[in-house]
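Number of protein chains: 4
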Amino acid sequence: MSMRSYAPRDPHWETRVRESFAKQGAMASLGARITALNPGECTIELPFRPELSQQHGFFHAGILSAIADSAGGYAGYTLFPARTEVLTVEFKINFVAPAEGDALTASAHVIRAGRTLTVTSATVHVRRAGRDSLCALMQQTLIALSD
Amino acid sequence: MSMRSYAPRDPHWETRVRESFAKQGAMASLGARITALNPGECTIELPFRPELSQQHGFFHAGILSAIADSAGGYAGYTLFPARTEVLTVEFKINFVAPAEGDALTASAHVIRAGRTLTVTSATVHVRRAGRDSLCALMQQTLIALSD
Amino acid sequence: MSMRSYAPRDPHWETRVRESFAKQGAMASLGARITALNPGECTIELPFRPELSQQHGFFHAGILSAIADSAGGYAGYTLFPARTEVLTVEFKINFVAPAEGDALTASAHVIRAGRTLTVTSATVHVRRAGRDSLCALMQQTLIALSD
Amino acid sequence: MSMRSYAPRDPHWETRVRESFAKQGAMASLGARITALNPGECTIELPFRPELSQQHGFFHAGILSAIADSAGGYAGYTLFPARTEVLTVEFKINFVAPAEGDALTASAHVIRAGRTLTVTSATVHVRRAGRDSLCALMQQTLIALSD
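Chains as they are written, first to last, in the numbering used here: chain C, 1 to 147; chain Y, 1001 to 1147; chain S, 2001 to 2147; chain L, 3001 to 3147.
So that you can see chain C by itself, here it is in the shape it has in the complex (with noise of 0.2 Å):
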């Protein structure tokens, strides 16, 4: 699954990305950036806090897949046309590691670009000890809306 290297449609691509997910209040709230973007390619970190904890204080598995549906959809909107809109048709994540550490890193890119669907995968690292390990892997599937 070697990485392809992807032409946008839209030149304003990233100035569409950035806006609409400055809209999206849940990354604001949960305190998500975006670190890297690239056509067909997004990284989204956060940093922990108790606010985003499961019962043993590690990342909540709903908010690691939210860092995770948020970087494939972007991964995956850098490659629409002008006027279109994206949604999550679906996704299927695996935690393979407890995401107990300082800090989440999600990163997706696309695997087809199609004209209706979209199918990126994703990993989710946790940083501890300033370490990196895998600690998610998603698989997802986006749609592009007219405006």
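Among the hints, a few may not be true.
Quick list of the computed label-pair ranges, beta carbon to beta carbon [claimed, not checked]:
1. Arg2128(S) <-> Ala22(C): 48 to 58 Å
2. His1012(Y) <-> Ser3146(L): 49 to 59 Å
3. Arg1049(Y) <-> Ser5(C): 35 to 45 Å
4. Arg128(C) <-> Ala2036(S): 45 to 55 Å
5. Tyr6(C) <-> His1012(Y): 37 to 47 Å
6. Ala1007(Y) <-> Pro47(C): 41 to 51 Å
7. Thr116(C) <-> Arg2131(S): 15 to 25 Å
8. Glu1014(Y) <-> Lys3023(L): 18 to 28 Å
9. Arg33(C) <-> Ser3146(L): 21 to 31 Å
10. Arg1128(Y) <-> Pro11(C): 49 to 59 Å
11. Ser1133(Y) <-> Pro3047(L): 16 to 26 Å
12. Ala2097(S) <-> Arg3083(L): 49 to 59 Å
13. Ala1007(Y) <-> Ala2022(S): 45 to 55 Å
14. Leu145(C) <-> Pro3011(L): 46 to 56 Å
By construction, these hints were calculated from the structure, which means they are not laboratory data.
Where is the CB? At the ideal position from N, CA and C, for every residue including glycine.
Place chains Y, S and L on chain C using the hints.
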């Protein structure tokens, strides 16, 4: 897929589940609460706030996923033995309609309770103008860990 | 997740579905047949043969998936307009018990029928000593394509 | 999601995997064979026959799923200890392009090998006119059972 009735293996299942939920910083900070809890079943409600929104002002898909994941996790945890913990192995969620409304309700039930793994299914409904409509369907795997 | 009743949009839905199924070489070669077909619902049965087994002599998980996928696809296709085709976008399947027995029954129903995308859910039961027990649960997304 | 190299825990891993695959009646009757096998990796090929088709004459999505499931299962099983069995807990597969061609290749690798659960990822490519193109992406959970 008719609902079976399940007999809990731990007489203190309800206290155990409610104490675990109370420790989830994420559920408290989102504003989610358990509104129904029975052996093999859990319902979680979440009123809308702009802090939970995606870019169109609807509930964020990741936030829906967070309460669906918790509802499934606690539906399963009602049936776990004493002195065990619950972790989500994976889940998959389909978003079938935009989650535009005043409140979300995630209702989960156990499909199969095994010694190690438990499978749950959950629906998420959104309430608008007093009417509930289906917005998501989730399928989840849980693992029981000894304390 | 109560069953809704669905009104087909194509008066010739049943002929269309049965003709499509008859063209699936894979279903014929496995020995699968449709045993119930209604708007929004499809049931497929498959008798056991050693040619369908995994390493322990039970039905192979992939074979279960094949009939669950077809049952879901045709449940959805009953509700498609005339002159459309159905393709599977994705599915997810949990295997909740070993599929040891004489026959499999995959029963699927439509969760939501959209213009472009349709979501279905299916259960697979295995019959042993005259008794059916649940062995898998599937959640699926379909797309309607114009002929 | 870079590939890690994995050290097998059972010196006889290759014999164990090949003997298990040989017992899968389903793989033999489909005509599938293992074409690459390394610790944490397995590739399975399947030539086209009309008996494997869906209604348009392409490979059936369920057949794709069957070989992706087996490739993932045996990629994981290479790393299992001696005297264990492998079962699929669940998988999720996205079909990103029609599987029209002469042969399928499912290539799986282990994402995380745990004591009880193992997570794998697989791609399926279809060969047409001598060129391979991606047609499906799978994510899978396996469980190790003592013999």
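We went through each hint and held it up to the structure:
| no. | hint | result |
| --- | --- | --- |
| 1 | Arg2128(S) <-> Ala22(C): 48 to 58 Å | holds (57 Å) |
| 2 | His1012(Y) <-> Ser3146(L): 49 to 59 Å | violated (31 Å) |
| 3 | Arg1049(Y) <-> Ser5(C): 35 to 45 Å | holds (40 Å) |
| 4 | Arg128(C) <-> Ala2036(S): 45 to 55 Å | holds (53 Å) |
| 5 | Tyr6(C) <-> His1012(Y): 37 to 47 Å | violated (54 Å) |
| 6 | Ala1007(Y) <-> Pro47(C): 41 to 51 Å | holds (43 Å) |
| 7 | Thr116(C) <-> Arg2131(S): 15 to 25 Å | violated (44 Å) |
| 8 | Glu1014(Y) <-> Lys3023(L): 18 to 28 Å | violated (46 Å) |
| 9 | Arg33(C) <-> Ser3146(L): 21 to 31 Å | violated (46 Å) |
| 10 | Arg1128(Y) <-> Pro11(C): 49 to 59 Å | violated (38 Å) |
| 11 | Ser1133(Y) <-> Pro3047(L): 16 to 26 Å | violated (47 Å) |
| 12 | Ala2097(S) <-> Arg3083(L): 49 to 59 Å | violated (23 Å) |
| 13 | Ala1007(Y) <-> Ala2022(S): 45 to 55 Å | holds (46 Å) |
| 14 | Leu145(C) <-> Pro3011(L): 46 to 56 Å | holds (55 Å) |
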